[in-house]
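S.K.: Chains as they are written, first to last, in full-length UniProt numbering: chain A, 1 to 339; chain B, 1 to 339.
By construction, these hints were calculated from the structure, which means they are not laboratory data. Every residue gets a Cβ at the ideal spot worked out from N, C-alpha and C, and that includes glycine. Treat the hints with care, since some could be wrong.
[What the hints assert, rightly or not] Sample of chain B residues at the chain A side, in silico, Cβ under 10 Å:
#, residue
1, Gln-16
2, Met-52
3, Trp-55
4, Ser-61
5, Gly-260
6, Ala-272
7, Arg-273
8, Asp-281
9, Trp-286
There are 2 protein chains.
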Amino acid sequence: MSNEVNHQVRLAARPQGTPGPEVWEHTTEPVPEPGEGRIVVRVSHISLDPAMRGWMNEGRSYAPPVGIGEVMRALGLGEVVASRNADFAVGDTVTGVLGVQEYVESDGRGLQKVSPTADVPPERYLALLGMTGMTAYFGLFDVGALKEGDTVVVSGAAGAVGSVVGQLAKVKGARVVGIAGGPEKCAWITGELGFDAAIDYRSENVSQRLKELAPEGVDVYFDNVGGDILDAVLGRLAMHARVVICGAISQYNAEGGMTGPKNYMNLLVNRARMEGFLVGDYLPRWGEAGTELAGWLAEGRLRSREDVVDGTVADFPEVFLKLFRGENTGKLVLRLKRA
Amino acid sequence: MSNEVNHQVRLAARPQGTPGPEVWEHTTEPVPEPGEGRIVVRVSHISLDPAMRGWMNEGRSYAPPVGIGEVMRALGLGEVVASRNADFAVGDTVTGVLGVQEYVESDGRGLQKVSPTADVPPERYLALLGMTGMTAYFGLFDVGALKEGDTVVVSGAAGAVGSVVGQLAKVKGARVVGIAGGPEKCAWITGELGFDAAIDYRSENVSQRLKELAPEGVDVYFDNVGGDILDAVLGRLAMHARVVICGAISQYNAEGGMTGPKNYMNLLVNRARMEGFLVGDYLPRWGEAGTELAGWLAEGRLRSREDVVDGTVADFPEVFLKLFRGENTGKLVLRLKRA
Chain A
1 MSNEVNHQVR
11 LAARPQGTPG
21 PEVWEHTTEP
31 VPEPGEGRIV
41 VRVSHISLDP
51 AMRGWMNEGR
61 SYAPPVGIGE
71 VMRALGLGEV
81 VASRNADFAV
91 GDTVTGVLGV
101 QEYVESDGRG
111 LQKVSPTADV
121 PPERYLALLG
131 MTGMTAYFGL
141 FDVGALKEGD
151 TVVVSGAAGA
161 VGSVVGQLAK
171 VKGARVVGIA
181 GGPEKCAWIT
191 GELGFDAAID
201 YRSENVSQRL
211 KELAPEGVDV
221 YFDNVGGDIL
231 DAVLGRLAMH
241 ARVVICGAIS
251 QYNAEGGMTG
261 PKNYMNLLVN
271 RARMEGFLVG
281 DYLPRWGEAG
291 TELAGWLAEG
301 RLRSREDVVD
311 GTVADFPEVF
321 LKLFRGENTG
331 KLVLRLKRA
Chain B
1 MSNEVNHQVR
11 LAARPQGTPG
21 PEVWEHTTEP
31 VPEPGEGRIV
41 VRVSHISLDP
51 AMRGWMNEGR
61 SYAPPVGIGE
71 VMRALGLGEV
81 VASRNADFAV
91 GDTVTGVLGV
101 QEYVESDGRG
111 LQKVSPTADV
121 PPERYLALLG
131 MTGMTAYFGL
141 FDVGALKEGD
151 TVVVSGAAGA
161 VGSVVGQLAK
171 VKGARVVGIA
181 GGPEKCAWIT
191 GELGFDAAID
201 YRSENVSQRL
211 KELAPEGVDV
221 YFDNVGGDIL
231 DAVLGRLAMH
241 ARVVICGAIS
251 QYNAEGGMTG
261 PKNYMNLLVN
271 RARMEGFLVG
281 DYLPRWGEAG
291 TELAGWLAEG
301 RLRSREDVVD
311 GTVADFPEVF
321 LKLFRGENTG
331 KLVLRLKRA
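With the rest of the complex left out, here is chain A (with noise of 0.2 Å):
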């Protein structure tokens, strides 16, 4: 391998808004060593998350930010090149904080190994059978508290999370209304993922819609984007409803920052509550999710769909901004080809 490159990318500057060309460096080492007991991972597939933009931010938050000229973070999968480490071996594919390179290595901690097979694609343990998925399962089973019979909005409901989200509030007996931007989403969720409502917030009035597809208000609501839209279904809560906080994707980017819920005190009218919740304190529980979300999708019941794009490291700068665009359906992947 040492006569391979390693092309990573790294976080040049921080960014005002959209994050432009201008924060992000292009840069080669040459393909890692491992030390004694580490490993060196060849990454073949990077997650693209909407996280990753308030990694990019200077200041407190649950993760300390990417330092001015570090490898960008991100997750992603790979395939294990090297090993001086018992716990792996060449071969192995593995899941984690790889970072927007081509090798990394490593000592193997917070590292999953995976077995893809010809049903199960590797991306798809970036998207369902990953993080993905368990966000979706802990937020709303968890902080939702979602019961059957429960009225429950998801907005980014044709994204990543979203998309898992409403169909495992089918799986549970709940009535489903999906936000999402544009009618082939809309079509997608209703359609193959069993939704039984989509608002088009680009063409339709949210807040009006609400009203007609969730006349007793809404139970569980699942927040990926705040904004106007958290602020429209906090207007249609029903009684003892709960929030859940997971991200907002509307914001990351807005140059005047964030923008508050100025319905927040309807949670008081409806003795209501709104909460956040990180993905990575249920770790203990992964295993049990994940074999329950994986019994699932091999009964039919869950779908999931990957937004893979070919490309290279270099490509992704790019390809991360489709997702505050609104451009990617279902989870958004880069499979790297190499140069």
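Since chain A is already given, all that's left is putting chain B on it; use the hints.
M.R.: Just chain B now, with coordinates in the frame of chain A:
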């Protein structure tokens, strides 16, 4: 009684922003006679509460709005002066929703009999021994899930509810920081009420002071004010914090509508929740809470301060505005003198 007059204050128009004299109508009626099974109460004390501002707005809320032309809704205390109801005797003192008027005719439902003494003045039943105390008790203990050792922050800390919240937190072994406006209020809550610290939001940087006073973060925030102070505290939450939404007095008269908390994503960062409540939902447990509050009051572990203004019902519109100017310390009550 029939040659006396019942002075009333009615809602004449829905206010835009701060309710000026133009939204009120001063009317008179003959003093009512009780119908069969009913009573007449002569009102002696009118409770002034921020929530009343919300009742003046049109639209869906936890209670129907006061109708245009209706007597303004208000809690109060008074004496039964005529009774055709076996549950009430002439001379009984009662509290409940009596309205901004001198006399009210009622079937007695929703009225509680109370027993003022030399030690317990009647206005206290509108303060610590009334809805105010119940709001603090259930908001802090049930919604806030207070634990010994928690760091508690309360805004509107020298107000009716806030001053009780801080004292209750001290009773349970928490560390308490109060946020109030002006040096007198701050001195009162740390001096007489035993809060650990106070922040004067008019002269201090709330966010900076919270960093100093709650270096490990805020476990329970009891919010009465909303706005910038809510944002400042959201920026200093501890992990698994509970934000209790009781009121948003800084926002009720905002002409451009409410401003939402732009820092709400800190709920995610800290796996925290923000929850609203209404004290009326706890009615079955008011007896239990009242006994406990009265006991702590008798033991000197709690103090109740009532800010009593002597006046007539015609003074109500002006006295009401003291709440929004932060001019009251403790529970604001209008004690009626007769014209």
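S.K.: All hints are to be evaluated individually against the structure, with a verdict given for each.
M.R.: Hint check:
A cut of 10 Å between beta carbons decides the hint on Gln-16/B: the least distance to chain A is about 17 Å, and the hint is violated. With a least beta-carbon distance of about 15 Å to chain A, the hint placing Met-52/B at the interface is violated under the 10 Å criterion. Because the closest C-beta pair between Trp-55/B and chain A is about 12 Å apart, greater than 10 Å, the hint is violated. A cut of 10 Å between beta carbons decides the hint on Ser-61/B: the least distance to chain A is about 5 Å, and the hint holds.
A cut of 10 Å between beta carbons decides the hint on Gly-260/B: the least distance to chain A is about 3 Å, and the hint holds. Checking Ala-272/B against chain A by beta carbon gives a least distance of about 6 Å; that is within 10 Å, so the hint holds. Annotation: interface hint on Arg-273/B holds; nearest CB of chain A at approximately 4 Å, less than 10 Å. About 6 Å separates the beta-carbon of Asp-281/B from the nearest beta-carbon of chain A, less than 10 Å, and the hint is met.
The criterion of a C-beta within 10 Å of any C-beta in chain A is not met by Trp-286/B, whose closest approach is roughly 17 Å, and the hint is violated.
Of the numbered hints stated above, those contradicted by the structure are hints 1, 2, 3, 9, listed in ascending order.
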